[in-house]
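Colleague: Chain by chain, the residues:
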Amino acid sequence: MMARVAAALVSGLLFGLGLAVSQMVNPAKVLGFLDIAGPWDPSLALVLATAAGVALIGYRAVLSRPKPALAPAFSLPQETGIDAKLVIGAALFGIGWGLAGLDPGAAFASLVFGQLESLFFLGTMGLGLHFARQMN
Amino acid sequence: MENFTPLSALAGGALMGLGAVVLLGLTGRIAGISGIAAGLLPPGRGEALWRLAFLVGLVGGGAIYRTLGGPLQAIQFSMSTFMIVVGGLLVGFGAGLGGGCTAGHGVCGVARASKRSLSAVAVFILTAGLTVFLIRHALWGG
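From first to last, the protein sequence lines stand for chains V and W.
Numbered by my numbering, the letters in the first sequence go through residues 381 to 516 in order.
Numbered by my numbering, the letters in the second sequence go through residues 0 to 141 in order.
Hints are computed from structural coordinates only; laboratory data are not their basis.
A few of these clues could be false.
Below, a sample of chain V positions facing chain W; criterion: calculated Cβ distance under 7 angstroms [what the hints assert, rightly or not]: (1) Ala435; (2) Ala464; (3) Phe473; (4) Gly476.
C-beta: ideal position from N, C-alpha, C; glycine also.
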């Protein structure tokens, strides 16, 4: 139990450090990628591709084992179909991402930069997650 | 492309990928930030402690970076508070409805070659790009 909590902490630290190192905690940097008509900055695409590539290799190694090191079984998403909820949800997510320049991970990791905007964003994000859960 | 920072993008992306592998390999969980956070909202889905630890880690990762004197010491919000508040609401609602965010779909789902996640990533990059274009170039900008 405590080992699992420690593992989650280490994972979060790596993820948060990665978001800061790659500057994805900075909305100006994220918007530089999303604004293809401006002085385009492809950094975000390279961050996503690198993270997914490392995870792809690591996941293969991990999932070839019968179970995770500290838990009885893997908890993987079971949905496979592409439905209206997925498309509408992703579309709304993108609009919000474009408006604020923050995604959930970056919003948490950006807190230590001391801007109130991070807190406002996390507050309404929690509200949005709550509404979505009531609909599901 | 004068703003392109390939080295920090590679290093940061690798750290994020590693974080996702650590979580799956040790606890069997997907590193989806919106899903992990949603599990903490009342009524909780249980297992609050590891979820909280992960989110504390996210904040702590940013703190380590600042403490060690990383080159980025200030972040810029150029948009109005209204846009940030509405943006947060849409990000939360959209991630909840669509079953994932940039991390869950964009990193973990893509790594699992999930068709759902690849579709979600294509859709949210498209609508985010359109939103920024409308704001910066069609509505107010030149």
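Colleague: If a hint holds in the structure, say so; if it doesn't, say that too.
Modeller: Going through the hints against the structure:
1. Ala435: Hint holds; alanine 435 (chain V) Cβ to chain W Cβ min 4 angstroms, cut 7 angstroms.
2. Ala464: 10 angstroms, violated
3. Phe473: 3 angstroms, holds
4. Gly476: 3 angstroms, holds
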